[in-house]
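Please model the complete structure; the sequences and the hints are all you need to start from.
So the sequences go chain by chain: Z and C. Numbering follows the numbering used here, in which position 75 of the first sequence is assigned residue number 75; successive positions increment by one, without gaps. Numbering follows the numbering used here, in which position 127 of the second sequence is assigned residue number 127; successive positions increment by one, without gaps.
In short, the hints are calculated from the structure, not lab data.
Within a straight-line C-alpha distance of at most 27 Å, the following computed DSS-like cross-link-like pairs (lysine-lysine) qualify:
| # | chain 1 | residue 1 | chain 2 | residue 2 |
| --- | --- | --- | --- | --- |
| 1 | C | K58 | C | K168 |
| 2 | C | K58 | Z | K58 |
| 3 | C | K108 | Z | K361 |
| 4 | Z | K28 | C | K46 |
| 5 | C | K108 | Z | K384 |
| 6 | C | K140 | C | K157 |
| 7 | Z | K338 | C | K338 |
| 8 | C | K28 | Z | K46 |
| 9 | Z | K157 | Z | K144 |
| 10 | Z | K168 | Z | K219 |
| 11 | Z | K144 | Z | K28 |
| 12 | C | K380 | C | K338 |
| 13 | C | K108 | Z | K380 |
| 14 | Z | K384 | C | K157 |
| 15 | Z | K384 | C | K115 |
| 16 | C | K219 | C | K200 |
Restraint-style ranges between C-beta atoms, simulated for each label pair:
| # | chain 1 | residue 1 | chain 2 | residue 2 | range |
| --- | --- | --- | --- | --- | --- |
| 17 | C | E54 | Z | T20 | 26 to 34 Å |
| 18 | Z | R375 | C | P244 | 50 to 58 Å |
| 19 | C | E100 | Z | S208 | 36 to 44 Å |
| 20 | C | V90 | Z | S79 | 46 to 54 Å |
For glycine and all other residues, C-beta sits at the position ideal for the given N, C-alpha and C.
Protein chains: 2
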Amino acid sequence: MQVDIITIGDEILIGQTIDTNSAWLGHKMNELGFSIRQITSISDNKNAIESTVENSLKHADLVFVTGGLGPTKDDITKSVLTEYFQDELVLYPHIADEIEAYFTSVGKPFLEVNKQQAMLPKKAIIIRNDAGTASGMWFKKEEKHLISMPGVPYEMKGIIERIIPHLKDEFNLGDFYHKTIQLQGIGESSLADQISDIEKQLESEHISIAYLPSIGIVKIRLTGTAQQADLIADHLETIKQRFPANYFGADDLSLQAALGELLKDRKMTIGTVESCTGGAIAQRIVSTAGSSAYYEGSIVSYSYDLKEQLVAVNHDDLWNHGAVSQTVVEQMAQGGLKQLGVDICISTSGIAGPDGGTEDKPVGTVWVGIATKDRVYSKKFQFKHNRERNIESTVVYGLNFVRRVILGFEDEKTN
Amino acid sequence: MQVDIITIGDEILIGQTIDTNSAWLGHKMNELGFSIRQITSISDNKNAIESTVENSLKHADLVFVTGGLGPTKDDITKSVLTEYFQDELVLYPHIADEIEAYFTSVGKPFLEVNKQQAMLPKKAIIIRNDAGTASGMWFKKEEKHLISMPGVPYEMKGIIERIIPHLKDEFNLGDFYHKTIQLQGIGESSLADQISDIEKQLESEHISIAYLPSIGIVKIRLTGTAQQADLIADHLETIKQRFPANYFGADDLSLQAALGELLKDRKMTIGTVESCTGGAIAQRIVSTAGSSAYYEGSIVSYSYDLKEQLVAVNHDDLWNHGAVSQTVVEQMAQGGLKQLGVDICISTSGIAGPDGGTEDKPVGTVWVGIATKDRVYSKKFQFKHNRERNIESTVVYGLNFVRRVILGFEDEKTN
Chain Z
1 MQVDIITIGD EILIGQTIDT NSAWLGHKMN ELGFSIRQIT SISDNKNAIE
51 STVENSLKHA DLVFVTGGLG PTKDDITKSV LTEYFQDELV LYPHIADEIE
101 AYFTSVGKPF LEVNKQQAML PKKAIIIRND AGTASGMWFK KEEKHLISMP
151 GVPYEMKGII ERIIPHLKDE FNLGDFYHKT IQLQGIGESS LADQISDIEK
201 QLESEHISIA YLPSIGIVKI RLTGTAQQAD LIADHLETIK QRFPANYFGA
251 DDLSLQAALG ELLKDRKMTI GTVESCTGGA IAQRIVSTAG SSAYYEGSIV
301 SYSYDLKEQL VAVNHDDLWN HGAVSQTVVE QMAQGGLKQL GVDICISTSG
351 IAGPDGGTED KPVGTVWVGI ATKDRVYSKK FQFKHNRERN IESTVVYGLN
401 FVRRVILGFE DEKTN
Chain C
1 MQVDIITIGD EILIGQTIDT NSAWLGHKMN ELGFSIRQIT SISDNKNAIE
51 STVENSLKHA DLVFVTGGLG PTKDDITKSV LTEYFQDELV LYPHIADEIE
101 AYFTSVGKPF LEVNKQQAML PKKAIIIRND AGTASGMWFK KEEKHLISMP
151 GVPYEMKGII ERIIPHLKDE FNLGDFYHKT IQLQGIGESS LADQISDIEK
201 QLESEHISIA YLPSIGIVKI RLTGTAQQAD LIADHLETIK QRFPANYFGA
251 DDLSLQAALG ELLKDRKMTI GTVESCTGGA IAQRIVSTAG SSAYYEGSIV
301 SYSYDLKEQL VAVNHDDLWN HGAVSQTVVE QMAQGGLKQL GVDICISTSG
351 IAGPDGGTED KPVGTVWVGI ATKDRVYSKK FQFKHNRERN IESTVVYGLN
401 FVRRVILGFE DEKTN
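Shown next, in the form of structure tokens:
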């Protein structure tokens, strides 16, 4: 089953808006078992809409159109599609009432132009929009389907979630199943190499595997039929057991949320002492709602002076070894443990770039330290990216380093 | 002059990668004076590439193709395009040498498959890629142009920057001019309302105006001919003078970089004491290269205890007024000024959400404080978003609050 996605609106063409709708839709439909043939962004223009819809309906079984459903005069998608499908716009009174109630609830006047949004095609299936006033429209023509939705991301997503059961029925997607796990700190090709035996078995069972990499993290997704759910779970369990220090969670769980769950489970508190990351690890921890249950606070000791004053790094060590060194990063973590009064403290010191690199310590050299009441751990990383990615890599590797310490994986390697 | 953009690769179709390349290209070409007709994402597949290129060349004057130029067998763009333009692949020896030198420099083996990247179409113009091993290719067919580039964003951008002068020549774009200014803390519609007189004049002079909003910031872009450069500069100057406390910089200068320039200029150092932002302001300051010239460090006092211990907030005030209060945020800023030994210190305390709101202090209530040696300032904000946007809004309003204090705009209003 082939899907095409069409987005309408100049804001995407001129790069004012990044087309995240198509990415979300593509991901969602791919998970449902559709294959995505083409994504097209066009202008709010009758000819462009007609010819693109015509072309997509020729090749795809199902076409999604987003955007162009607002009440302003620029937004012509509804009338063009209604004409294209030889339908006619009629007033849906209960939708007019709902839109009026919506305007009343947010204290805005209900204007004639808003009432236009209750004028909808007679033969199409109208899909309720819980988050706004532009309804979704599901047109059919022979064996082909076109679903038109507003371009506001959360309105579009609400409509899709609502119709997923109907899509499954209509396109017989019922027996489709997938599951994802996430691993940190192991590259895609190294991973593929170490599970080639599992890949072979998956192939024989007609379960497909996908690797989805991002900075420091690889997701593995297995896709099969609903009958294969247990089999898929078994295979993922095998992979998890093969990489226990790398596996941190299923599906879309963030690394910081996974760490938060672990800290809550162990009743531990955490703090950070950051230099090159400048608060980025703290910020990531705090991005998880409810983080006050385990996060106490941080010190960003960016300057030499503050490393001495706030976390008691030894003056001579700092000047003899430099801020980017094992001894300094370990003292930072230990100082933070004490100053912040936490159970575990992570510290960072590195050269994010673009300047500041030397022959011994090139840009991308980063030391990460972790102190607990019993021990101090440290690790040197050599990243090779720009400033932004070096900082992001430090955050991701650092967060999982904390998990590894708590789970005991760092104790096995060293004495 | 019409431009089409085609991106090749399954990772965009299935939503694994968000298509930021097309947004960047669309923005850049729009600024150069092209109009963007269509953006299409397709699979790495001969038929799809041929039919999409055929269709785009029919309607557009210039077509950009990104992606599908890697050395692996999936990447077929080069051979398909070479065949389409009736060209042939030949070895470019100096490019082979450069690729080999590149591999040697990063300590990787130079394999036969890498040498393939020096096999390039004979008649096309080959565009040097400074950041990677896949060259750009500029094909011409009658009056139409197609430029193929790798999909890696920084490689694609490098190639575009290199060919901009040639695009201007080839498409006579020389007399096109635009300039952007950025304002913080004033909404798009309020802004439009307050410069409606200027808008009218611009219309009579055939200079177009665009408003580009993001969280807490609106960019204003004026577009005209090169002959109108001075006129455009005059109009923007008028707008700047009308909103002196909101204007922070031209073009793409970030707010944190603008603040950094100001701090360097005044020879001032800065620190932050953060609660609800959890280090996000520090992280934003540090994201600017060279920030160690003015940034010393931060304290994230997330818990009540650390507010007392690290920045000496008065125990009774904290428990009587709560952490989200004027007195606490002012004490945090003053405590940070002393502890961090800086010239100016910003503090935050608020309820980011989703939980923790009360009737008096709903989710989105944020106090921001600023201490200098002479004074302490504070301001209450009421944001109405989700956790992520409330934090981001605090960062943006907070950074400009610091600028306003340094520039004296906050002294006029109060005693």
